[in-house]
Structure formats: structure tokens, C-alpha cells
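There are 2 protein chains.
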Amino acid sequence: MEIITVERKILEKNDAIASGLRKEFLFRKQFVINLLSSPGTGKTSLIERMAIKTKNIFSTAVIVGDVQTDNDSKRIGALNIPVVQIVTNGGCHLEANLVRDAYKNLLDLKFDLLIIENVGNLVCPAGFDLGEDIKVVLSSITEGEDKPLKYPVVFRNSVALIINKTDLQPYLNCKASGIKENALKVNPSIKVFETSCKTDEGIDEWISWLESKMKSK
Amino acid sequence: MEIITVERKILEKNDAIASGLRKEFLFRKQFVINLLSSPGTGKTSLIERMAIKTKNIFSTAVIVGDVQTDNDSKRIGALNIPVVQIVTNGGCHLEANLVRDAYKNLLDLKFDLLIIENVGNLVCPAGFDLGEDIKVVLSSITEGEDKPLKYPVVFRNSVALIINKTDLQPYLNCKASGIKENALKVNPSIKVFETSCKTDEGIDEWISWLESKMKSK
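Chains as they are written, first to last, in our numbering: chain A, 1 to 217; chain B, 218 to 434.
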């Protein structure tokens, strides 16, 4: 009973901070993605690819969460995009107060899109509102077809699913169509993209859809 | 302060149950592996492959943890191996009390090896003792070379690292040698295997090593 009370308090506090962040993002006309996935699905590669392709269309900033290291922020920073690294030191997900503190470093900058690259974890981050407009889940095709059924909350809470590394499909028993089918079982309205950051497959379709979402905010 | 107290209580309670389980496993002469990894690295495929190869050498039982579904226990059960499924219903890791309850279903059976397939999560399960003899971390080669640096606790706490899906190496920029190098940086004594459940590469070496560990218990 004591634990449940503490958990509720944590979530209530998180939601209050997330709500404040959401107002701030709206005021500044910034569209915000909370990008979720397992470790090693290509979140940073996707952000790199998007940054290169969209630099003449809209401006992007990134907040990166990792348990340890600032490898990802170095990779993104190399593209001349503003980036703030959060190292959680063992923490398994981002919470709104961490994003609020990181966002303070971006207050002097103008940008249209903020991507929050969450900690690589398909379970815990799904339950925490960070003030984002949309949650997007990235799945590597190598992970197998059953992940939406095994980890339903993150797929249910996401507006879009990006199935990445499709260039590896010829060498796998797993098919993107199987992942899509299972994702639609847990979330019939989820929008599904199939991408490869190596061959560029599907990246333009994903960016076009994102642009339309940004315009309708 | 309140939260820290609750967390400490949870860990103390877990450790007490794990300690009891460890005595029980020793009494019954069972060797126990706590198998940890991200989602979709091939934990169940490895168990399937091991079960087929070792059926005339030693007997195996499996406890499987998943956030949702009993897909994995069905796959393992099809091999005529005793298997108990734990569905955590959103929980991000196994705790000793869940294993103790699952293990009750195996008390009437004789077996030499118990594999506890943990929830697919590279962060949270690493901190919970389940009474196992060894933690083993499974990494898919598709996840990239930097995972040991980004998720150091699970690699530090594991006695062995199995780098799986090496059949995909020709199609990736990532090399098994790079993962190994980073794993040794965070845990210089970790034993590293390179395996493919598709081509059978490295499975015999892993089983031989495991056999020697089981004999020395």
C-alpha cells in the first residue's frame, strides 16, 4: 500500500510537470516527439538521417536520454543540431522533470521540432508523459514479429510505428508485414512506416507524414 | 527519502527470498542461469537450440518472464521441456518472489539446469538477484557495438556475454569484435561467445563452457 501511494505521487508530479512543458511547447510553436524503442534499433541513426533531409524545411533540436555515455549527443551534435544529453545514471526511463531541466538549455534557440530520444527500453518509458505531442515507437525488424504483443503498452500509446533496418529483411525469417499485423492488433489506428537508414527506404514518407502533423498543431 | 526507504525495503526482501532460493537450488543440485537481454535478441531461440543439443547430456527446465503473452513458453514446451510462464502484466523485470512461486510448479521434477529467461529489458532486471548461479547477457549483433558502454550494469554483473545473430554480420557495419572490446572495458573478466542460432556457430563452445561450470558447482 505504501508503494502504491509513492508510485501515484511520482506519476502525479510527473504529469503536472509534463502539462507545464506541453503549454511551453505550444507557446513556442514547437512540435515534440517522444521517441521510444529497445536498445539498438537505430533511434540516433534515424535522427541523423532526418536532420540531413529536413535541414531546409524545418529546424530541429534533440534531447537524448541514456543510462550512460554521451555517444549519441556527440553523433547528433556533429550535424550542427542543438542537442542536450541526459545521463540517467542507471535510470530506466526519462521523466518530465529531467526533460524540463534539459529544455532550459534550449530556451534561447529557435526551432520547430524537438525530438526526445528516450532511454532504450521497451517497457518503462511508455508510462511517463514528457509533454510531447506524439509518442513514436521504433522497432528493428531483427527483433521479431511478436514484440507488439509482448510489449503492448508502448505500441498502444504510440501514434506511429517505424519498422527500421528493413534492408536486413532478406536475411531474416521475420517480415515487416508480421510486425505491422501484430501492432494493428494492439492499436488499430497506429500509422506504420517501414524504413532503412542504410538504403533510405521509407524515410521520405515518414518525414512527409510528420510535416503534416507539425502543420496541424 | 520516503522513496529510497521503500526501494531499500523491496531490495532487502528480494535478496532474502533469493538467498532462500539459492539454498534450495544447491540442495537439489540444480545449476541456475539468469538470462538477460534486450527484447528480440534470441533468448528463446538459444534455449530451443540448447535443449535439442543437450537432451542426452543433462536435463533442463525453464522459467520464462514476459510482460505479456505466453508465446515463449509455448515454443519451449513444444520441445518437451518443463516450462513455467510468468506474465508480469506490465512489470519490467523478474523478482525473486515471482521465481519462487513459479519454481513451486517444478518441485516434483528432476532436472540439472534451470534457465530463467528474464523480461526483455537491458536496464531493470540487472539489479535483482533471483538466486541464480550466474547471470548471462545475450546481445544481438544488430544492436550495435556500444551497448556494453551504454548499459554497463548488466554487462558488469554477468559472467558471460553471448553475442548472437552473427550470421547477420556481413550485412552490418557493426562487428562482434567491437561489442566484445567494449564489454571487456566494463567487465575485464567476462567470457564472450559468438553464436548464431541459425547456422549453429558457437553453440557447442557455449554449451561446453556451461557444462564445465555446472560440474564445478
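Keep in mind the hints are simulated off the structure, nothing from the lab. In this text, a Cβ means the ideal position worked out from N, Cα and C, and glycines have one as well. Be aware that a few hints might be false.
[Unchecked claim] Distance condition first, Cα-Cα at most 25 Å in a straight line; then the derived DSS-like pairs of lysine-lysine:
| id | chain 1 | residue 1 | chain 2 | residue 2 |
| --- | --- | --- | --- | --- |
| 1 | A | 198 | B | 415 |
| 2 | A | 180 | B | 291 |
| 3 | A | 74 | A | 198 |
[To be verified] Just so you have them, the derived chain A footprint on chain B, three or more residues with Cβ under 8 Å:
| id | stretch |
| --- | --- |
| 4 | 246–257 |
| 5 | 285–291 |
| 6 | 334–345 |
| 7 | 351–365 |
| 8 | 368–376 |
| 9 | 380–387 |
Hint check:
Our distance criterion of 25 Å between C-alpha atoms is met by residue 198(A) and residue 415(B), whose separation comes to about 24 Å. Of the supplied pair hints, the one linking residue 180(A) and residue 291(B) holds, its CA atoms being roughly 22 Å apart against a limit of 25 Å. Annotation: proposed proximity of residue 74(A) to residue 198(A) holds, straight-line Cα distance about 20 Å (limit 25 Å). Counting residues of the stretch 246–257 of chain B whose CB lies closer than 8 Å to any CB of chain A gives 3, which reaches the minimum of 3, so the coverage claim holds.
Only when three residues or more bring their CB closer than 8 Å to a CB of chain A does the claim for the stretch 285–291 of chain B stand; here the count is 3, and the claim holds. Given a C-beta distance limit of less than 8 Å, the hint that chain A covers the stretch 334–345 of chain B holds, as 6 residues qualify and 3 suffice. As drawn, the stretch 351–365 of chain B meets chain A at 6 residues by the rule of a beta-carbon pair under 8 Å; at three or more, the given contact holds. With 3 residues carrying a beta carbon less than 8 Å from a beta carbon of chain A, the stretch 368–376 of chain B meets the three-residue requirement, and the given coverage holds.
Beta-carbon proximity to chain A at under 8 Å applies to 3 residues in the stretch 380–387 of chain B; the threshold of 3 is reached and the given coverage holds.
Checked against the numbered hints listed earlier, the structure breaks none of them; every hint is satisfied.
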